[in-house]
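**Student:** The primary structure of each chain is shown beneath.
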Amino acid sequence: MPESGVPKNIAEKLGETLFQGDKAAAMAATQEALASGIDPLALVQEVIIPSLVEVGRRFEALEIFLPELMQAGDVGSACSKLIEEELVKCGGEMRVAGVVVIGTVKGDIHDIGKNIVISLFKAHGYKVIDLGRDVSAIAFVEAAEANHDDVIAASTLMSITRAGCREVAGLLRELNLNDKYHFIVGGGSLDQVYADEIGADGYAPTAAGAVELVKLLMSN
Amino acid sequence: MYANERPVEIFQRSRSGPFMKEIEFDLMVAKRAQELVREYDVKYDPQLLCPADDEMADRVFEAGVQLFLDVGVYHLDTQRVIRFDRGEVMDALRQAPSTLYLGEGKDMVIATNRGVEDPTPSLNLTGPAGQACSEEHYLKMLISYAQEPYVDAIESGATLTYNGYDIVAGTMMEVKAVQRDSATAREAVRRVGKPGMHIGDCATGMTAVGKMAASDPVNGLRPCDGRLVAQMCELKTDDDQLIRIPHLLQYGTHPINLMTPLTGGVGGNPAGVSVVSVAEFLLGVICYFASYHYLSITHIKWTNNSDPWGMYVLAMTGQAMARNTHLVYTCDPFTMCGPCTDELLYEVAGHAIIAEVCGYHQHGVGSTGGNIVDHHTGLEAGFQGEVGLATTRAGITREQASEIALRLLPKYEDTFENPKRGKPFAEAYDLKTITPTQEWQDCYRRVKEELTKLGLAFVQGPYD
Numbered sequence: 052m053p054e055s056g057v058p059k060n061i062a063e064k065l066g067e068t069l070f071q072g073d074k075a076a077a078m079a080a081t082q083e084a085l086a087s088g089i090d091p092l093a094l095v096q097e098v099i100i101p102s103l104v105e106v107g108r109r110f111e112a113l114e115i116f117l118p119e120l121m122q123a124g125d126v127g128s129a130c131s132k133l134i135e136e137e138l139v140k141c142g143g144e145m146r147v148a149g150v151v152v153i154g155t156v157k158g159d160i161h162d163i164g165k166n167i168v169i170s171l172f173k174a175h176g177y178k179v180i181d182l183g184r185d186v187s188a189i190a191f192v193e194a195a196e197a198n199h200d201d202v203i204a205a206s207t208l209m210s211i212t213r214a215g216c217r218e219v220a221g222l223l224r225e226l227n228l229n230d231k232y233h234f235i236v237g238g239g240s241l242d243q244v245y246a247d248e249i250g251a252d253g254y255a256p257t258a259a260g261a262v263e264l265v266k267l268l269m270s271n
Numbered sequence: 164m165y166a167n168e169r170p171v172e173i174f175q176r177s178r179s180g181p182f183m184k185e186i187e188f189d190l191m192v193a194k195r196a197q198e199l200v201r202e203y204d205v206k207y208d209p210q211l212l213c214p215a216d217d218e219m220a221d222r223v224f225e226a227g228v229q230l231f232l233d234v235g236v237y238h239l240d241t242q243r244v245i246r247f248d249r250g251e252v253m254d255a256l257r258q259a260p261s262t263l264y265l266g267e268g269k270d271m272v273i274a275t276n277r278g279v280e281d282p283t284p285s286l287n288l289t290g291p292a293g294q295a296c297s298e299e300h301y302l303k304m305l306i307s308y309a310q311e312p313y314v315d316a317i318e319s320g321a322t323l324t325y326n327g328y329d330i331v332a333g334t335m336m337e338v339k340a341v342q343r344d345s346a347t348a349r350e351a352v353r354r355v356g357k358p359g360m361h362i363g364d365c366a367t368g369m370t371a372v373g374k375m376a377a378s379d380p381v382n383g384l385r386p387c388d389g390r391l392v393a394q395m396c397e398l399k400t401d402d403d404q405l406i407r408i409p410h411l412l413q414y415g416t417h418p419i420n421l422m423t424p425l426t427g428g429v430g431g432n433p434a435g436v437s438v439v440s441v442a443e444f445l446l447g448v449i450c451y452f453a454s455y456h457y458l459s460i461t462h463i464k465w466t467n468n469s470d471p472w473g474m475y476v477l478a479m480t481g482q483a484m485a486r487n488t489h490l491v492y493t494c495d496p497f498t499m500c501g502p503c504t505d506e507l508l509y510e511v512a513g514h515a516i517i518a519e520v521c522g523y524h525q526h527g528v529g530s531t532g533g534n535i536v537d538h539h540t541g542l543e544a545g546f547q548g549e550v551g552l553a554t555t556r557a558g559i560t561r562e563q564a565s566e567i568a569l570r571l572l573p574k575y576e577d578t579f580e581n582p583k584r585g586k587p588f589a590e591a592y593d594l595k596t597i598t599p600t601q602e603w604q605d606c607y608r609r610v611k612e613e614l615t616k617l618g619l620a621f622v623q624g625p626y627d
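Protein chains in written order, with this note's numbering: chain A, 52 to 271; chain B, 164 to 627.
Among the clues, some could well be false.
As the list claims (entries may be wrong) - For the chain A half of the interface with chain B, some residues (derived, Cβ under 7 Å), not all of them:
| id | residue |
| --- | --- |
| 1 | 118 |
| 2 | 212 |
| 3 | 214 |
In case anyone wonders, no lab produced these hints; they're calculated from the structure.
Virtual Cβ for every residue (Gly too), placed ideally from N, Cα, C.
Just chain B, with the same shape it has in the complex:
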């Protein structure tokens, strides 16, 4: 199939594929994922957060491919299943990019496919990870990310109001807010002297019309930027997501495949969720024409991924994709705790170390699990990039990553039931100078010192 025929074919199949109630699809995915876990002998050991088992990683990949072929993609509007055959999947995978040019001019970065324990450090594409932000502080908050020395690109938060009024999805208020927020992101990168820095999305846009409203080569998102196209859990899409694709391709920008597999969700146990996650990469390749893929694992109860389930899924899915594809992909830490707590930085560190050795570029951060307005700052995002680099510089192996993550876990796992939400941006930063408060900088130094003792090789950081 020619790539330019694929959208038409996807549309046709979304109208003619087998009809199925949604719950039947969910149960089919759940059952088949667990069958494949057994068939391909995928094991989860809570004491091994980052298994160093190449053969198992390959089996996870094969199981994920088989799951995708067996269950297909559920189209929520038509309640029909879109199926692909192996040849179509492999052909789309072959055509997917392995090298990306993100941003423009002197601020452009090159994102390449990374391998397991790759000596080339990851990029750090970061921001408030689509989480709730107030319009009051949004520009300064984005500047706090863009100015960080270990940040290569910024992502976006989602503001809640426009001139004090609620933003309602699918209305002119959404479009107005998207126009404002994409211009705010553009202004943020300009203010820090990096006008060509890649901007990953405008998350205030929820609907297709909102997302498309960000396309504006002067004041908004340029072709060198990107836009998220999301999957619904698990392996589901709809017309609102698919509508974006022809627009993004025509605009010449990067479609980003957003996957949010739920640990404890339809995929079930962590082994099953790893298999489902691989299948979700394939959905992004074939249906979304993704430039890069963004794995945002979510715990079904706590909405974080700094727990053992989340880190195992991160490790196995990453290794499966690194060893068997040439894709470029990112992942984000979603934490329980918030700014001005050591715990947040330990949660970020465990995730970032495993991501670094499993083929990912860094993305994020979803501080407080994305649950609290304005509880996200540039410091933790820059820190994530710094940890990634320190991991690679130290030549950390998967075995060591697993051991370090296990040693970090007791420093924060007690907060899962009673999270330390920390402080909002306006209290964690001096708003005049847009710098972290002494308290927040002290947390950074303390945690960095601990990580150095565990073997990470940091260089000079912004708050040392």
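Same shape as in the complex, but just chain A:
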């Protein structure tokens, strides 16, 4: 079995490449760490997730901009893929904090907010199924069923498309799936009042808030 714990020099080297969004260097550092026998799970838990969480914090604090967040997320995904392959080779599997199916609702093509939320979910160790934009209610449900999902997250920027969230909530109730999944909503045109009105399990006004909300819902 590989030894657990990540030596400080390796953690710092990999963490730095993630902050810089340097994909080639990050993948090389990951491969080097795996080759030296470091526990793949420790690499994720002790380096990749904390580094990406820190990138997310810096973004929320307006210390960095969206491209840096996107780049770090992209690099983190590439490293995680390498680590997952190594785990499978060793007969293990990647532990995830939860599975989130996410998309913008029918009619809404504005997805930057949703993409930021995805970056933060990934940073916190969640597996994310991104359905993209303009997603019908049934597509949310089918994706959740197909992926052994925990959370369905519907986003909408535009007020005129927020009825799409109500459709998802209604369909979950109609199919008796509302207790099976945590259904959360977010986006510029929504608030807690609307979330309560349509019977969503939660609403978050910010990307970081969405992660905290899911942690809370899943802990319950």
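With chain A's structure known, arrange chain B on it following the hints.
**Tutor:** For chain B alone, coordinates are given in the frame of chain A:
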């Protein structure tokens, strides 16, 4: 390329251009924008919200052109990149209009290209800026805009329901709601005795079919009106947007290029977002055949543009376009605060003063960042036009605009994290007379007095 061949060419390129994943396009735009910021030496100084640097404005323009040529336009449906060469861009720019006739009859206004520190005052094309409105108060709300003496044209809000039912985009409910809301706008301008006033859009329409449903020369939007065609952040379009163009051109109406660049978004820092914004003007010229261009800068966290980043992007992009093109363009203030607060009016004022000296016509207002239903009224919109005129009358320079905006900032920047959302239209106005409450009028007078002390030259206003 003949202009009438351009839609066909755009379609062909959207099917044959280089295939690219969306995130790759985003990262390419982000990287190239920052390279160009360095290459063209575009600087952001938070203490200089409205730089008076002609050479830098020209460099922002050149960098924006280069960005557009280098990255092109992303087509979301086909995931292909539509590219244009310099000759095509410059030819389309040359053919773009510099003078517009908006509205009809006695209510028509002429919108011309404005220069930096132009002595001719801007027009004020305003409304709830596409923000959420209840159907209950929509007619009275639009009247509150149209009746303002410093308003030249109205825009539109987006209602949420039709007879109490949710409006669902892309369905017959959307079409029904668009037909109702464009007729409501028509009724609003008729009620105030300005039946030919230009109506900028029907924002209840989200999809192409919804937007097109507003075309109705009797009860809806006429050829002398306009319709928004939007870009997705950044430099992206899709078939739903492009479908509108042949319809709008055939109808003889004004396509309006809606740009919503995100500060802190793909463009990154304010210098990068200025460069991206210039490129987005060019997209609107060549792909959308825009009559005029509508810049709605959006902060990535707060959705406002009354912050230093937003005002810098406003200033640099406006000057770049004013000095290097003959286009007609507008911008809107998106604020954190809402009606019945002084803060909302200070946010509007800072934005309007900079816009006035940087070549824009006034547009707006997105009170409460567009986040709260019915938190928009005619008062702040008329006030915006009044501030624009007072700026020009006083001969305010860019240096002075920058200084005034910096002095206004402390009056509201504390609200960014804890906004004062104020009151909804139904509480900010007397609904019987459609006039602002005493409380809201008092805010107007207080803020106007402060702005007068800072050098603006107001004339008689509606609530003095």
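**Student:** A separate judgement is required for each hint: does it hold in the structure or not?
**Tutor:** Status of the hints after comparison with the structure:
| no. | hint | result |
| --- | --- | --- |
| 1 | 118 | holds (3 Å) |
| 2 | 212 | holds (5 Å) |
| 3 | 214 | holds (3 Å) |
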